[in-house]
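Asker: So the chains spell out like this:
2 protein chains.
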Amino acid sequence: MLPSELRTSIRCGKHQTHTSGVCQDYVQANLVVLPKEYAFDFLLFTMRNPKSCPIVEVLEPGQFQSKYGKNSDIRTDIPLYHVYEDGQLVDKKQRIDEIWSEDLVSFLIGCSFTFESQLIKGDIPLRHIEENKNVAMYQTDIQTEKAGVFEGPMVVSMRPIPDSLVQKAAEITALFPKMHGAPVHIGDPAEIGIQDITKPDYGDFVGIRDGETPMFWACGVTPQAVALHAKIPYMLTHSPGCMFVTDWKNEEYLQEGK
Amino acid sequence: MLPSELRTSIRCGKHQTHTSGVCQDYVQANLVVLPKEYAFDFLLFTMRNPKSCPIVEVLEPGQFQSKYGKNSDIRTDIPLYHVYEDGQLVDKKQRIDEIWSEDLVSFLIGCSFTFESQLIKGDIPLRHIEENKNVAMYQTDIQTEKAGVFEGPMVVSMRPIPDSLVQKAAEITALFPKMHGAPVHIGDPAEIGIQDITKPDYGDFVGIRDGETPMFWACGVTPQAVALHAKIPYMLTHSPGCMFVTDWKNEEYLQEGK
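From first to last, the protein sequence lines stand for chains R and D.
The opening residue of the first sequence carries number 1 in my numbering; numbering runs sequentially from there.
The opening residue of the second sequence carries number 1 in my numbering; numbering runs sequentially from there.
Since the hints were derived computationally from the structure, they do not count as laboratory data.
Errors might be hidden in some of the hints.
A pair holds if it fits inside one copy or across any two, identical chains being indistinguishable in the list.
What the hints assert, rightly or not - Computed cross-link-like contacts, SDA-like style, restricted to lysine to any residue with a CA-CA straight-line distance of at most 25 Å:
1) Lys67 x Ile124
2) Lys14 x Thr198
3) Lys67 x Pro153
4) Lys146 x Glu256
5) Lys199 x Ile172
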């Protein structure tokens with residue numbers, strides 16, 4: 001399926017689930033939408049935390065078409081959205097065009113789903129894709145660098161990787177610095193403050209078998225954790241795992257996007 | 001002289017001229033100070049125009065000490081400042097601490113003075129330094145990419161380089177992407193809209209001799225031209241050529257700062 005077809009399918013309510021493993025050759029992105037009042041602090045936050053918040057695109061206030069998606073509408077082309085008020089998740093919505101305003105600034109942030117197809121091409125198995133599940137995501141005790149009102153813990157995604165392929169997986173993902181790049185941690189979850197690996201804060205746990213090592217990558221859900229922490233009055237985001245799929249090919253990204 | 005000594009000398013009014021050729025082993029930076037209301041648009045402008053506005057550091061609103069200068073004060077450690085109102089240069093000041101407010105956001109932007117020592121080490125002569133003059137800067141017809149209220153022409157610095165060393169100069173400066181990097185134009189000034197090369201818009205003309213080629217690099221004065229164009233109500237900047245000199249060594253920058 002082409003990304004434009006997927007976006008149409010999402011827009012008319014046919015595709016309502018996560019986008020892991022979908023349109024594997026195309027860049028996927030996280031979405032954060034904030035009132036302009038908070039846009040400077042947040043943009044500065046992303047610059048200071050490029051590992052968890054690598055910017056793909058910043059839209060002008062009120063703008064909702066991404067340059068990376070022909071005829072796209074970031075208000076309708078994501079399967080599920082979160083609405084946050086004062087740091088609380090108050091609603092989940094299938095579209096946000098009805099609650100849109102000209103004052104809102106949208107940020108598209110790189111997503112690790114982008115490098116998954118490259119891992120699969122490198123013969124590295126990804127269980128959550130094999131089992132058609134969302135990736136597991138965890139809040140850690142790794143602190144982000146503060147900017148204005150934004151501060152708080154980094155969120156990571158976890159993939160169990162066969163021990164013999166850990167080095168290769170690290171090397172492949174390092175080629176995607178704008179999609180979170182190399183892992184931030186390999187091995188013992190407790191070392192980064194994850195108490196119970198079987199209970200992710202977002203997404204689905206898929207088990208870690210003998211002979212496998214958990215690998216952790218910075219995750220674009222971090223802004224949601226940080227905005228919760230900062231009790232931002234109003235924020236819209238994608239629902240973790242339900243991404244904006246662009247027309248930008250991974251291959252093109254690898255050539256030009258660094 | 002160490003940068004800290006230079007900054008002290010500037011602060012107490014001893015050093016009152018440009019900083020070209022001064023503290024040659026250290027990174028120099030342009031300064032733009034804006035009310036927070038304009039900070040998001042401007043930060044986005046710098047992201048969209050990394051060639052002319054490579055960000056070295058963004059300070060929090062009201063903050064005036066750079067992390068790249070021990071005990072520094074960006075309000076007093078630059079030889080000369082410009083005060084702009086509604087797109088007009090209304091004042092030049094030796095310090096701006098008396099007109100400082102908590103609402104002001106400071107941006108430090110990379111400066112081509114940083115790579116000049118590397119050019120000299122590569123046996124590439126720089127006449128403005130030999131003659132203790134400021135570099136020549138010109139407004140061009142190269143358009144920047146708009147962000148919010150900010151749009152307008154790119155400003156470039158020009159250095160006449162012996163024909164046989166043009167390629168080498170391009171290669172050396174390409175190593176400094178955060179200090180404007182490789183030249184944006186080589187040769188005929190008219191091709192980038194410069195009508196009279198003997199009359200720079202800022203700085204000093206030093207002549208172009210037979211056997212020399214004018215080389216043009218993007219310049220951190222661009223934000224001043226752009227803010228003029230946008231008629232921003234209030235902006236403070238360095239005076240072109242009078243830079244903020246950091247404690248950051250060029251060598252360290254080359255290793256970590258890309």
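Asker: Any hints this thing doesn't respect? Which numbers, in order?
Answerer: Violated hints: 1, 2, 5; rest satisfied.
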